[in-house]
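With the hints as extra help, turn the sequences into a complete structure.
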Amino acid sequence: MGGSGSRLSKDLLAEYQDLTFLTKQEILLSMYVVSAPHLVDEQQARSGNEHTGTPIAERANRSPLSARAHKRFCELLPQEQQSVEASLRAQVSFEQILSLPELKANPFKERICRVFSTSPTRDSLSFEDFLDLLSVFSDTATPDIKSHYAFRIFDFDDDGTLNREDLSQLVNCLTGESEDTRLSASEMKQLVDNILEESDIDRDGTINLSEFQHVISRSPDFASSFKIVL
Amino acid sequence: MEENPTLDSAAWGSSSGWLAPREARGASFPSPGRALSSVLNELPSAATLRYRGPGMLPWGTPEEEEEEDGGRSRQAFAEATQTELQDPHPSRELPWPMQARRAHRQSYSREQLVHGSGSRMDQWARLLRRPKEKTKEGLRRLQPWAWTLKRIGGQFGAGAESYFSLLRFLLLLNVLASVLMACMTLLPTWLEGAPPGPPGLNTSSPCGFYNPHSEGLVTFDTQLFNLLSGEGYLEWSPLFYGFYPPRPHLAVTYLCWAFAVGLICLLFILHRSVSGLKQTLLAESGALTSYSHRVFSAWDFGLSGDVHVRLRQRIILYELQVELEETMLRRQAAVRTLGQQARVWSVRVLLNLLVAALLGAAFYGVYWATESTVELQETPLVQETPLLKLGVNYLPSIFIAGVNFVLPPVFTLIAPLEGYTRSRQIILILLRTLFLRLASLVVLLFSLWNQITCGGDAEAEDCKTCGYNYKELPCWETLVGQEMYKLLLFDLLTGLAVSLLIQFPRKLLCGLCPGALGRLAGTQEFQVPDEVLGLIYAQTVVWVGSFFCPLLPLLNTVKFLLLFYLKKLTLFFTCSPAARTFRASTANFFFPLVLLLGLAISSVPLLYSIFLIPPSKLCGPFRGQSSIWAQIPESISSLPETAQNFLFFLGTQAFAVPLLLISSILMAYTVALANSYGRLISQLKRQRETEAQNKVFLARRAVALSSTHPAF
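Here the protein sequences come in this chain order: A and B.
The first sequence begins at 8 in the working numbering and counts up one residue at a time.
The second sequence begins at 44 in the working numbering and counts up one residue at a time.
Derived by calculation from the structure, the hints in this document are not laboratory data.
Certain hints may be false.
Below are the DSS-like pairs computed for lysine-lysine, each with C-alpha atoms no more than 27 Å apart in a straight line [said to hold, decoys possible]:
hint : chain 1 : residue 1 : chain 2 : residue 2
1    : B       : 177       : A       : 17
2    : B       : 550       : B       : 507
3    : B       : 193       : B       : 507
4    : A       : 234       : B       : 179
5    : A       : 234       : B       : 611
6    : A       : 234       : B       : 175
7    : A       : 234       : A       : 31
8    : A       : 196       : B       : 728
9    : B       : 193       : A       : 31
10   : B       : 175       : A       : 17
11   : A       : 31        : B       : 177
12   : B       : 175       : A       : 116
13   : B       : 728       : A       : 17
14   : A       : 111       : A       : 17
15   : B       : 728       : A       : 234
16   : A       : 31        : B       : 179
17   : B       : 175       : A       : 111
18   : B       : 550       : A       : 234
19   : B       : 175       : A       : 31
20   : A       : 234       : A       : 116
Quick look at the structure:
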């Protein structure tokens, strides 16, 4: 197949709708985003103003341009990946994903990319991984799956539990990485002690997934804050 | 020291003192920690957690797969697969990557084909899932301004978003009320022929005369005055109660409209508050989890833009430091000596007395303003200058607005002096401002009642003949409607004035001022609690007045539309993001509750007027009846026999008392159930602790045994 189709087939679209929490429109929008990450930046640079809140719908509505962009992206890939399906599995490096405005300033961006990546070296995302990301962060995802992935994101050392170092690193991400925006050591210790006292039910010094989910289930703000909307 | 620094994952180097003494750790083997954690990683629970789907790499660092433990873990994963497939989860709810979910879906559908689809219920559930989702999505897309609300939430925080969401909800209520009004009030009025004109001067009756239209040519400023105060040609128009003719069908539908609107508003508000409460109402007694919530739900992943992110980080840091400080203060407060406590409490009593005095002065002012409006209008000076006449007419509204403007900042100043924690201070300020707003409205209504019923004295000279003060108020319902109309207009005008004359100039001028002072004076924040209380006050006014001024919901719809765009413009041009994050959960719980309170307060004057005050003899659809409610029994008596008996039965005690008893029993049962669930949860928590201790003990034993018998 040549690089002619920039449309997803209807079956594939229906399958994605069944397997994720996204609507058809959101899947198509994310496809434009992944197809032309470099072109999106160019256009922003050309228009010269920094849209912090522009919906991608406005970007994607310039549809002839996006279709050409996908073609261009396909041309950049080696020959054997030019079919639509293969291009969907093509790996996009972290830099391109991290250049999206929704993720660029997020302090958890590297963790998010690392958590959703399925490549063996964990340094790139495919389009399906990107869809997974959007699905988990969408409006309609169940609180269970959101809390599961939140746990993964907050588990900085990937050992399956949140220990004191993970919690300290989490708080540092929340308050800012530079020296003057951190809590003092005693404040950090007090805070982590308090968190462990509240959430560590079996008193083993770490928070595992079920304890995390138990705490999160009682937080009414979690579902509304764990959301990324394109 | 309990900590062993050689542990690989620091999972077990905790500060809890119950860890078994170190018989498992001798000096003989190189890294006991690795052995312990690898044993623990092979537990089925750990394997299930790390499982990521068939054919996918599990969670955790890839290096662990290279040891021969990899074989054991893969077996555990295979077992985990079996358990996963037995769970009838829809594929999208599994925390696996897309390929694994696809494989799961295919194998699941293949299994369904082989074993036959499950029970009838499952079939129906699956068939209905997609249409149900589509309808839900369709309803969500019907909601206007969804994108605007998301943008506001991302830039200005959850508090501002909850204000605009509440505004949109109230707009919906008002639109529904207007539509109902058009069907049940306007339509029947014109259905049986055009309504008659106002009674002229020549009609006379024992209850005086009523002449709403002034004669002759009216000047322009009189026209304007009439428009702003609801007098003149507006008085005999569909806007006010007096216009509607005394036809029996119209009377019934008019009354039913009032009750229908109240019922629908009640249902919608309950629905909205319950969906906000669902997460906070859990059986477990409120063990404070404020720190965990603050840290785990702190980050709003929808935030974009460097500036906003840095601002939010600063806010989070500030909040955490304040919270830690408050805990220390609370601990200090708990050990206060008797003398210090006495001092603190005496200060609190004094300040509360001060607040009560201020409120009392405010209410007296409102009462005086309403009482003296009539007298002031008689003075010749006022009669001549139309501007002064307008001012006197609007005196109650001006007083209420002034009081609502001046007192809340005073409350904000007083609250820190009382020595409460900051969250309690915010709640106190909110409660006091709420009381001020709603009570000033109540005082206005009370003074109106005083005028209408001569102070409740049915034997007073003015009220003896007709049951109400017919000399001054020949059509008292229209008067009440006019007061509410004036309150609505004045509220809109003050909103416009504050935005255009205070907020915009402040932003423009102080933006030009150099230095820190300019920046300080120029940064305004969107004061969510004040704005929301203003909304609720406006809606309460409309609920009180809509019986006496049926077009009021329509006017309110227009007003709220204007308000939406005005506030949005003000927000984006003049306000900076909030320095204090407002919890969305508080908003969703507190605001509908206050709205319910407003609805309850507005129903009291309405029910009182319907049941107890005789309607005007000269105007309105209920003229000639002994009370407004008397129309209903008359219409019921024209229904067939069985319907009459059923409706009368509903009103008797034989129906009400058993209903009350059954409701109380259900409530007591639910409370007892919740308590027992809470006890069960505490028990299970304790059991869990013990199990974890058992697990670690056994793992250590396993490590000790395997190290002393290397053959294992």
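Checked hints:
no.	hint	in the structure
1	B:177 <-> A:17	17 Å, holds
2	B:550 <-> B:507	59 Å, violated
3	B:193 <-> B:507	60 Å, violated
4	A:234 <-> B:179	19 Å, holds
5	A:234 <-> B:611	23 Å, holds
6	A:234 <-> B:175	23 Å, holds
7	A:234 <-> A:31	18 Å, holds
8	A:196 <-> B:728	25 Å, holds
9	B:193 <-> A:31	20 Å, holds
10	B:175 <-> A:17	21 Å, holds
11	A:31 <-> B:177	11 Å, holds
12	B:175 <-> A:116	34 Å, violated
13	B:728 <-> A:17	49 Å, violated
14	A:111 <-> A:17	32 Å, violated
15	B:728 <-> A:234	31 Å, violated
16	A:31 <-> B:179	15 Å, holds
17	B:175 <-> A:111	36 Å, violated
18	B:550 <-> A:234	32 Å, violated
19	B:175 <-> A:31	16 Å, holds
20	A:234 <-> A:116	13 Å, holds
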